[in-house]
Amino acid sequence: MVDVNLPYPRLFALATITTQLVGSLLVITNFSGLGWLGAGWLAVFLLLTIPLGHAFWTFEEPKRTHEFHIALEHVTVVGGLILAAILSALPM
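In the numbering used here, the protein residues as written are 1 to 92.
In case anyone wonders, no lab produced these hints; they're calculated from the structure.
No false leads were slipped in.
Taking CB as the label site, the calculated pair distances span:
| hint | residue 1 | residue 2 | range |
| --- | --- | --- | --- |
| 1 | P91 | P51 | 35 to 41 Å |
| 2 | M92 | E60 | 48 to 54 Å |
| 3 | D3 | V44 | 20 to 26 Å |
| 4 | I70 | Y8 | 22 to 28 Å |
| 5 | T29 | W57 | 36 to 42 Å |
| 6 | P91 | R64 | 41 to 47 Å |
| 7 | T16 | T76 | 15 to 21 Å |
| 8 | N5 | H69 | 19 to 25 Å |
Every residue, glycine too, gets a C-beta built ideally from N, C-alpha and C.
Whole structure, please, built from the sequences with the hints as guidance.
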């Protein structure tokens, strides 16, 4: 949080931990049919981390390529989360 100059780094760290724990628990358990919400929450979080923490277009090589790979990984995980959201919303 400090490395990317976010304001209130402790608050952002707490929000990150909460997002990852609660979102993952909702996806894993589909508690009250809210797996889709956890998947969406995690997907939005991952997409926001690209411009905030992995802005590959602002770096020089070789860090640019490394950050680009991380951004691509995030996009692929978002694809899986979209599938999880769809499947969790289907009636059993």
